[in-house]
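For the record, the sequence lines run as chains A and B.
Under the working numbering, the first sequence has 10 at position 10, and the numbering climbs by one with no breaks.
Under the working numbering, the second sequence has 284 at position 284, and the numbering climbs by one with no breaks.
Calculated from the structure, these hints are not laboratory results.
Model, not experiment: these values are computed from the prediction.
Please note that a few of the clues may not be correct.
Derived DSSO-like pairs (lysine-lysine); straight-line CA-CA distance at most 27 Å [to be verified]:
no., chain 1, residue 1, chain 2, residue 2
1, B, 179, A, 48
2, B, 317, B, 337
3, B, 395, B, 337
4, B, 264, A, 139
5, A, 136, B, 375
6, B, 90, A, 84
7, B, 264, B, 90
8, B, 375, A, 139
9, A, 85, B, 179
10, A, 85, B, 264
11, B, 61, A, 136
12, B, 61, A, 137
13, B, 375, B, 264
14, A, 136, B, 28
15, A, 84, A, 137
16, B, 252, B, 227
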Amino acid sequence: MRNLKKPWFAKGLYIILFFFLSPFVMAQSPVTVAVFNESTSMPLSPPKIGPFHPGVLTGSDITLYESDRNKTYVSINISYTFHKKLYQAITIGLNLGYDYKMAYGGSLKTGIGIGYMHTFPVREIYSFQSTEYGLKKAKGNSRFIPSVSFGIGQRFSPNDFKSSELFVQQQYWLEIPYSPGFIPNMSHANTILGAKFP
Amino acid sequence: MKTTCIRTLLVLSTILNSCAVSEDEIVKESTYDCFMSDNTSNQGHPKHVQYQALLDELVGKGVPGIMMTIFDGNDNEGPWSGASGMADLKNRVSMKNCNISRVGSTVKMFTAVTVLQLAEEGKLNLDDLASQYLSDETMAGIENAHEATVRQLLEHSSGIYNYIINPHFQTASLNDLLKVWKPNELLDYARGKNANFEPGTDLDYSNTNYIFLGEIIEDIEGKPFYKVFEERIFNPLDLAFTQFAAESPVPKNIVRGYIDLYSKLEVVESTYYSGWDYYTADGGLISNPYDLYVFLRSIMEHSIISEKSFQIMTQWKSPSYDDDIHYGLGIFKMETKFGDAYIHSGDAIGYAATMLYLPKDDIYISWAVNGNYGKIDALTQELEAMEHIIANVIK
Chain A
1 MRNLKKPWFA KGLYIILFFF LSPFVMAQSP VTVAVFNEST SMPLSPPKIG
51 PFHPGVLTGS DITLYESDRN KTYVSINISY TFHKKLYQAI TIGLNLGYDY
101 KMAYGGSLKT GIGIGYMHTF PVREIYSFQS TEYGLKKAKG NSRFIPSVSF
151 GIGQRFSPND FKSSELFVQQ QYWLEIPYSP GFIPNMSHAN TILGAKFP
Chain B
1 MKTTCIRTLL VLSTILNSCA VSEDEIVKES TYDCFMSDNT SNQGHPKHVQ
51 YQALLDELVG KGVPGIMMTI FDGNDNEGPW SGASGMADLK NRVSMKNCNI
101 SRVGSTVKMF TAVTVLQLAE EGKLNLDDLA SQYLSDETMA GIENAHEATV
151 RQLLEHSSGI YNYIINPHFQ TASLNDLLKV WKPNELLDYA RGKNANFEPG
201 TDLDYSNTNY IFLGEIIEDI EGKPFYKVFE ERIFNPLDLA FTQFAAESPV
251 PKNIVRGYID LYSKLEVVES TYYSGWDYYT ADGGLISNPY DLYVFLRSIM
301 EHSIISEKSF QIMTQWKSPS YDDDIHYGLG IFKMETKFGD AYIHSGDAIG
351 YAATMLYLPK DDIYISWAVN GNYGKIDALT QELEAMEHII ANVIK
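Use the sequences and the hints to build the structure in full.
Given below as structure tokens:
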């Protein structure tokens, strides 16, 4: 039988989200919201269907250059990931994105990014203290996460570059470090379904 | 619109967070009850204090729990079996010398002994092509599968790619920690991979070899390989603490396993995470150090296999890249500071075990721990750790 309890940092998550999101509400930057499934995957491997390790993401971006065919932009986002057996994580990422605009409001997307991820275990942690193991409140682990992503998008109004857009993306990212002395770094993938609103 | 999106995000994160942290299983202490006779346990052994101090020292450095059996052929004291640490950290249950644990690849010695018995009975020849006994479906796409002999599978000289080192397998198994893998799913990660070398020209450890050997045993005996283990090894040797995972993947009384994933001596429970080795003859054994000692001694004393088979089993060869390790058939000879050790180790996620014999001193040592990775491996599984254990036994 497994007992469930609310994590001590749940309130912290809401506070972080509130402060992060507030500027977006006020400002004129577009807002991105997305849900995704995280998997432990090799780079460029096809998306994995299961099991489901869900996550939510929000962010915004600033356009650096835009023409009829091309758009480059910098985006910042924050996400929350829940892996039932290993961890939950809050990630803050900075991405450099490029869109190639096609006919009928479609686009091809790619990007590279860097981010900081803080993971918290979802299982109880037993810490070795002087001579024996005892339960310990987790402070979590810090991670550096470079990423690369590929995807497609579709604007709601094909002729309006400022229109809302639906997109799917496959983001491959490295977790550095992972398990020192065992597996130094671990590769992951997020399969993302999202929308961007002006 | 923005406000709606943000609210949606907050609702989603609330839903996710509400199911965030789970506590480990509550298990009654009596679940781990077990019995080992006084004669077998031998707590009155003259070296009891010395041996127990070794186990306590390892636990005092960060091993969650350990069981060990020691037998010195130079005295008439019989085997000693002890334990230290915790079988279950959540429920604060102490490890006992009669508990059971995952012992992973030590099963390869059981697989080898079974194949050698079949050879003794004329049911196969070690130099037969393995493909005589394997289906096309099993071998499909695996380089060297059609050319390798049974002996080459046993001594890891087939050159066949080791599925377990395929990064796609490693990420897939981590992605779905509760998945129970079937043999062909594992072999898929060896398909299409280049062999390491031509069969018989070098040596390289490959779990794929022992999946094949399990299938060969099943083909010859017409029943699951672990049933053959029961009939030929577990029952004749009265290995009361030994079973194969396929029969009961996670027995209620198995000690909890723990992993030090972040190398901080901060462990999480992993008892249910070893589903990749429940149905193949390269892992999946559940046992106890006392039974491992009984089994290893039966090989060294030629009671479970003939002396001739033992000689075949211990025709040592070294790989081109390492002169310090010597491969036999399902067994290794390792050079230590204290002389040669005949050995096989094994691990699963959260568990590790080793059985070894020191021929110069006629001493057997076997142990099982319920923790691995990170800083724990350095305490029990690496060469220095083994030499430390040997030093403290023979002093």
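Quick rundown of the hints versus the structure:
1. The suggested pairing of residue 179 of chain B with residue 48 of chain A holds, with an alpha-carbon distance near 14 Å, which does not exceed 27 Å.
2. Distance check on the hinted pair: residue 317 of chain B and residue 337 of chain B sit about 20 Å apart at the alpha-carbon level, within 27 Å; holds.
3. Annotation: proposed proximity of residue 395 of chain B to residue 337 of chain B holds, straight-line Cα distance about 13 Å (limit 27 Å).
4. Between residue 264 of chain B and residue 139 of chain A, the direct Cα distance comes to roughly 12 Å. Compliance with the 27 Å bound is thereby established for this hinted pair.
5. For the hint linking residue 136 of chain A to residue 375 of chain B, the alpha-carbon distance of about 18 Å falls within 27 Å, and the restraint holds.
6. Taking the CA atoms of residue 90 of chain B and residue 84 of chain A, the gap is about 19 Å. The hint holds against a cut of 27 Å.
7. A distance of roughly 19 Å separates the Cα atoms of residue 264 of chain B and residue 90 of chain B; the hinted pair therefore holds under the 27 Å criterion.
8. About 19 Å separates the Cα atoms of residue 375 of chain B and residue 139 of chain A, which keeps this hinted pair within 27 Å; it holds.
9. Annotation: proposed proximity of residue 85 of chain A to residue 179 of chain B holds, straight-line Cα distance about 12 Å (limit 27 Å).
10. Distance restraint check for residue 85 of chain A and residue 264 of chain B: the Cα-Cα separation of roughly 19 Å lies within the 27 Å cut-off, and the hinted pair is therefore satisfied.
11. Proposed proximity of residue 61 of chain B and residue 136 of chain A is supported: the alpha carbons are some 18 Å apart, at most 27 Å.
12. With a CA separation close to 21 Å, the supplied pair residue 61 of chain B and residue 137 of chain A stays within the 27 Å bound.
13. At roughly 7 Å between alpha-carbon atoms, residue 375 of chain B and residue 264 of chain B fall within 27 Å of each other, so this suggested pair holds.
14. Between residue 136 of chain A and residue 28 of chain B, the direct Cα distance comes to roughly 22 Å. Compliance with the 27 Å bound is thereby established for this hinted pair.
15. Between residue 84 of chain A and residue 137 of chain A, the direct Cα distance comes to roughly 18 Å. Compliance with the 27 Å bound is thereby established for this hinted pair.
16. Restraint check for residue 252 of chain B and residue 227 of chain B: the C-alpha separation of about 21 Å stays at or below 27 Å, so the hint holds.
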